[in-house]
Every structure is written in structure tokens, then in C-alpha cells.
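Protein sequence lines correspond, in order, to chains A and B. Add 4 to the 1-based position in the first sequence for our numbering, that's all there is to it. Add 6 to the 1-based position in the second sequence for our numbering, that's all there is to it.
Calculated directly from the structure, the hints in this document are not laboratory data. In this text the structure is predicted, and so the values were computed from the model without any measurement. Do not take every clue at face value.
[Unchecked claim] Ranges between beta-carbon positions, derived for each pair:
no. : chain 1 : residue 1 : chain 2 : residue 2 : range
1   : B       : V97       : A       : L25       : 20 to 28 Å
2   : A       : L25       : B       : L86       : 30 to 38 Å
3   : B       : A165      : A       : A180      : 41 to 49 Å
[Said to hold, decoys possible] Chain A is nowhere near these chain B residues, computed Cβ spacing over 12 Å in every case:
no. : residue
4   : I26
5   : P52
6   : P142
7   : L187
[What the hints assert, rightly or not] Stretch-level coverage of chain A by chain B, calculated; a stretch enters the list once three of its residues show a Cβ under 8 Å from a Cβ in chain B:
no. : segment
8   : 52-64
9   : 135-146
10  : 151-159
11  : 304-315
Note that CB positions come from ideal geometry on N, CA and C, so glycine has one too.
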Amino acid sequence: MVLYALQRLAVLAATLVAASLIVFAVMSILPGNAAQTMLGSTATPEAVAALAHKLGLDQPAPVRYAHWIGGALRGDFGLSYAYGSPIGPLIASSLAVSAPLAIMAMALAAGIALAAGVYAADRRGRTGDAIVMGASQIGLAVPNFWLAILLVIVFAVSLRLAPAGGFPGWGEPMRALGALILPAVALGVVQAAVLTRVTRSAVLEALNEDFMRTARAKGVSRRSALWRHALPNALVPILTIMGLQFANLIAGAIVVENVFVLPGLGRLMLQSISNRDTLVVENGVMLTAIIVIALNFVVDLACAAIDPRLRGLAA
Amino acid sequence: MSAGGLWRPRVSFSLWAGAILALMLLLAAAVSFVWTPYPPAAIDIPHKLASPSLAHLFGTDDLGRDVASQLLTGSRISILVGLVAVGIGLVFGIVLGLIASFSGGWIEDAVMRLSDFVFAFPALLSAIMLTSTYGPGVINAIIAIGVLYVPIIAKVTRATANGVLAREYALAARAAGRGPLSIAFDHVLPNIAPALIVQATIQFAGAILAEAALSYLGLGAQPPQASWGRMLAEAQNVLYNAPSLAIYPGAAIALSVLGLNLLGDGLRDALDPKLKARS
Chain A
5 MVLYALQRLA VLAATLVAAS LIVFAVMSIL PGNAAQTMLG STATPEAVAA
55 LAHKLGLDQP APVRYAHWIG GALRGDFGLS YAYGSPIGPL IASSLAVSAP
105 LAIMAMALAA GIALAAGVYA ADRRGRTGDA IVMGASQIGL AVPNFWLAIL
155 LVIVFAVSLR LAPAGGFPGW GEPMRALGAL ILPAVALGVV QAAVLTRVTR
205 SAVLEALNED FMRTARAKGV SRRSALWRHA LPNALVPILT IMGLQFANLI
255 AGAIVVENVF VLPGLGRLML QSISNRDTLV VENGVMLTAI IVIALNFVVD
305 LACAAIDPRL RGLAA
Chain B
7 MSAGGLWRPR VSFSLWAGAI LALMLLLAAA VSFVWTPYPP AAIDIPHKLA
57 SPSLAHLFGT DDLGRDVASQ LLTGSRISIL VGLVAVGIGL VFGIVLGLIA
107 SFSGGWIEDA VMRLSDFVFA FPALLSAIML TSTYGPGVIN AIIAIGVLYV
157 PIIAKVTRAT ANGVLAREYA LAARAAGRGP LSIAFDHVLP NIAPALIVQA
207 TIQFAGAILA EAALSYLGLG AQPPQASWGR MLAEAQNVLY NAPSLAIYPG
257 AAIALSVLGL NLLGDGLRDA LDPKLKARS
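Next comes chain A alone, as it looks inside the complex (with noise of 0.2 Å):
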């Protein structure tokens, strides 16, 4: 297991900075300079070329890679063009909401997930299955912001449970968590629709596994043998799967986040966009692709824990 662990913790650090590097490349050296999309196409070259040279645009591309990747590892991510504040904290407070929003909808997604999934898996091809399976096909083919603001629809604007958006700040800690809660169900409800999929049909290959005809042959129980040992041996498709969903987990935040208007860091990114804040974009994109690919890191040493077939096959 540890011999596993340090093989993926160096498939990780390569990951990473290959991920880095993509920024980087997309950003800072393609053409299209940070300085004019800044400044607007009305900037004079001189105005540009002055902006460039205090941003460290005009030094070399491996230069200001080395610069950008030694600062961000002291924790220094430069600062914000727009809000002149160093962009460390900015993205700090921001994770505030969308560390916990997306926790969240998870959470939802894989309680909803597994009862759905299992329940479907049980009664395959019956009633409950069929409408299990149509409800998921649903929950996938509705775009999760859509969700969000019929949801504002039905519990803000009609029944006016529920404030329309907004953040009150982590000083309210039930109003905060209030006004996450109709975020965390939009994403949460959509994500569940992929997840309960996949947890049905790695139940069903577990139940058509040898083990679980000696269980019942042992005198298990129907219901213990598929809660003890065909959930047990699906987890490790479910978990890889809920590890990958992540990321889209993360990219609807940022649409849902705008939808309820929390300052989240979906949030951030987009007003730095339209800011032209070129620098707390790549931060915050690269913070993003951090969060996905350690957290499939830590999918992949869980999956290893559950399951030690696994740890042999290490690439």
C-alpha cells in the first residue's frame, strides 16, 4: 500500500505540473497578450508596453513561469489588477462558499445516488427500476442552472421560502448555510442522475458475481448479502466515477454560483473576466485543476484501500 501510495504520489506531482504547464501555455505565451486585454483595444502600444513590463510580461516565457510557480508555492499569487489586493486571500475567501456548496451537492448526489442506484439495481427491470431509470435519463438532460432558477421560481419567487441569492457571509452560520441550500440541491439532483447510473449497474455486476451465490447458498440474507457484499464490491466503480464527476461537479458551481449569486470562486472568475483581471483567472483555473486532479488522487488510494487488487496494477 505505501510502496502504491508513493507511485501515485509521483503520477500526481507529473500531473500537476503538466497541469501548470497547460495553464500557462493557454494564458501567458499563445498569442494574445494580458497587457491589451487588460487595458481594451483602445490602450495606446505605449500604455501597453508599459503595463507588460510591470506585469513581467516582456521576460522570457520560462522566466515568468519560474516567477508565477515560486511565488504561488510561497503562497504569493501576485495581485489582483482589479481590486489591487493580493489574490491569495481574495481566492481564499471565495473557496469559503464553493469548498462547502460543493461538499454539499456531493453529498446529496451520492446519498440520492446510492438508495436510487441500489434500490434500481434490486428490483431490475420492475416498475421501480423503469422509473428510476427514466427520472435519472431526465436529471440528465436538464442543465443544472436551469434547475437553479426554477428552483428560485417555485421557492423564492412563488413561495418566498427562500431568498432569490445572495450570501450573508459565514458570521450567520445558519442563513449562510441556508442560502446553500437551493444551490447544493440544483447541482446536487443533477449530478445524482450520472452517479445513480453507475452505482446500478456496478451493483448489478457485483450480484452477478460467484460471491454472491455462496453468500445465499451460506444462509445470507437477500437484503444483507446485497447491502454487505455487492454495495462493498460496486464502491470502487462508484467512487472512480464520483471522483471524475468532480470536476463537472465544479465547472456547474461556477454556473450555479452566478445563478444564486454567491461569491464564490466561480463567481470570482467570471467578474475577473469581464474585470480583465487576466492574473486571478489563471489562479484561480489553476487552483480549480489542483482540487480535481488531488482529489482523484485521493479517489485512487481509497480505491486501493477498498479494494487490494488494485494495488498491483499501479502504472
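Position chain B against the provided structure of chain A, taking the given hints into account.
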């Protein structure tokens, strides 16, 4: 075999329902080129936020534009983005997948590692990168979505191609001195076509969802281009006065995506019965 007999219809409910919904999407776009009730971008402030009526089937928006006309025209962007993004994914994905499968060894490893990690950049994230450097627009949206499809198609291509290359007929063709290109075209591509058609249909649906999200955020279609995602963003500004404006475009997106997903499922069952047995 079930008691129902040996013959089992291959044309499932999914295939039918999916085909009908997908056809409706295509038809909406086709009709919008020759006819819309009103010019979709025509502003008519005196008639703003009109309720549905015979004159305006779905009413008008906050600028008095006819919603039905915008819905019809908006389908074009969805189809355009879907076609081009999936096209990009197919062309580069098939080439990469075949290269990986035929060369094997470290090249295969490298291509697959690269694919794994593109997943860390969802379409929205790459679109945010592209727009913040090059400005918003449909082209950047298409590139961002299409790039994400390359590794997906490459994986499907490689997996299926590896299966085909191990078969006797492919070995025989190799033994007969046929080059990789000729084997790829004569043996591999026809065999992986069903899997790719299914993938392309489902990715098409994904592209429609991604385009809608990008346009909703203002990173995709720009005014006066009609787009379902942008219609939703505009409807949100008048949510308290006209909530129904937020219903139609979302329903159009959901029905299109549902149709394409069902079509993909139906095609998979029809083209590849082996997969059906497993699901």
C-alpha cells in the same frame, strides 16, 4: 432467451423517442432559416413581456422580442456547436486513438496519460481560460468543448481498435503485408464505427448543455445571436415579472439533450446488442 420468442425488436422505445426529439431539433433549425413568426432580434418595446397569444405564441421578452422566433433560431447555435465540437473530437480523437493502438508501447502510454488529465479541465474551465485571453464568443466555446471530446473519443477508439487488432482477420491482413493505414480503413474503422456513432450522439447532447451554460454566463453566443442559454440569462433579470420566460428555453435545452441521449442509448442497443446484455 426470454419466453417472448426468438425474435426481439431492435427498435426500442429509446430509439423512437430519441429520433423524434432529435428530428424536432433539426426541424426547428431548418424552419428558422426560411421562416420565423418575427425577426428573432426585432425589438418592440411597446409589446414587451406580452403573455402568450395567437400573435406571440410564447409571448415576448423584456425587449418585446418574440420568444417563439428566438427559440427556433436558438436551435441553430446548439446544432452548430454540437456538430463542430463533436467533429473536432472525432477527427483528432480517432487519429490519436489509432496512433496509440497501432504503435503501442510508450506512445500509447503517453496518449492515454494525456487523455486522463484533460478530464481535469472541464469544458467550462477551458472556456474560461480561452475567453479571458481571447475574449468571449462561439468559436472559443466550440474549441473549449471540442478539445474535451478528443480524449474521450481517443479512449473509445483505442480500446475498440486494440480489440480488433487482436482478431485473426487483422492478424491475417498484417501477415499479408498490408500497411497500418489500409488495415485501419478496411478493418478497424468499420468495426469501431458503431461505438463512435453512439459516443458522438451522446457527446452532441453534452455539447448542447455546455454551450447553453457558456452562453448563460456570457462566454458563448453574443447578442444579437439568439441562444437558449442567453435567453435564460436574460429571463433571469425579469424573473419576478415573467417567470415563464425562464421555462421555455430551459425546456428546449432539456428536450434536445433528452432526445439525443435517448437516441444514443437506442442506437447502442440496436448496433451493439452485446452492450445491452451488460447494462
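Against the structure, the hints come out as follows:
For the pair V97 (chain B) and L25 (chain A), the supplied restraint of 20 to 28 Å holds, since their beta-carbon distance comes to about 25 Å. A hinted range of 30 to 38 Å holds for the C-beta pair L25 (chain A) and L86 (chain B), which are about 32 Å apart. The hint said 41 to 49 Å for the Cβ distance between A165 (chain B) and A180 (chain A), and at roughly 46 Å that hint holds. For I26 (chain B), the shortest C-beta to C-beta distance to chain A comes to about 15 Å, beyond the 12 Å cut-off, and the non-interface label holds.
Annotated as non-interface, P52 (chain B) keeps its C-beta farther than 12 Å from every C-beta of chain A; the closest such distance is 26 Å. Distance check for P142 (chain B) against chain A: the nearest CB is about 8 Å away, which does not clear 12 Å, and the non-interface claim fails. Against the 12 Å criterion, L187 (chain B) stays outside the reach of chain A, whose nearest CB is about 29 Å from its own CB. Coverage of the segment 52-64 of chain A by chain B is violated in this model, with 0 residues showing a Cβ closer than 8 Å to a Cβ of that chain against a need of three.
Note: the segment 135-146 of chain A has 5 residues with beta-carbon separation from chain B under 8 Å; the three-residue rule is met and the coverage holds. By the rule of at least three residues with a Cβ nearer than 8 Å to a Cβ of chain B, the coverage given for the segment 151-159 of chain A holds, with 4 such residues. Counting residues of the segment 304-315 of chain A whose C-beta sits closer than 8 Å to any C-beta of chain B gives 0, which falls short of three, so the coverage hint is violated.
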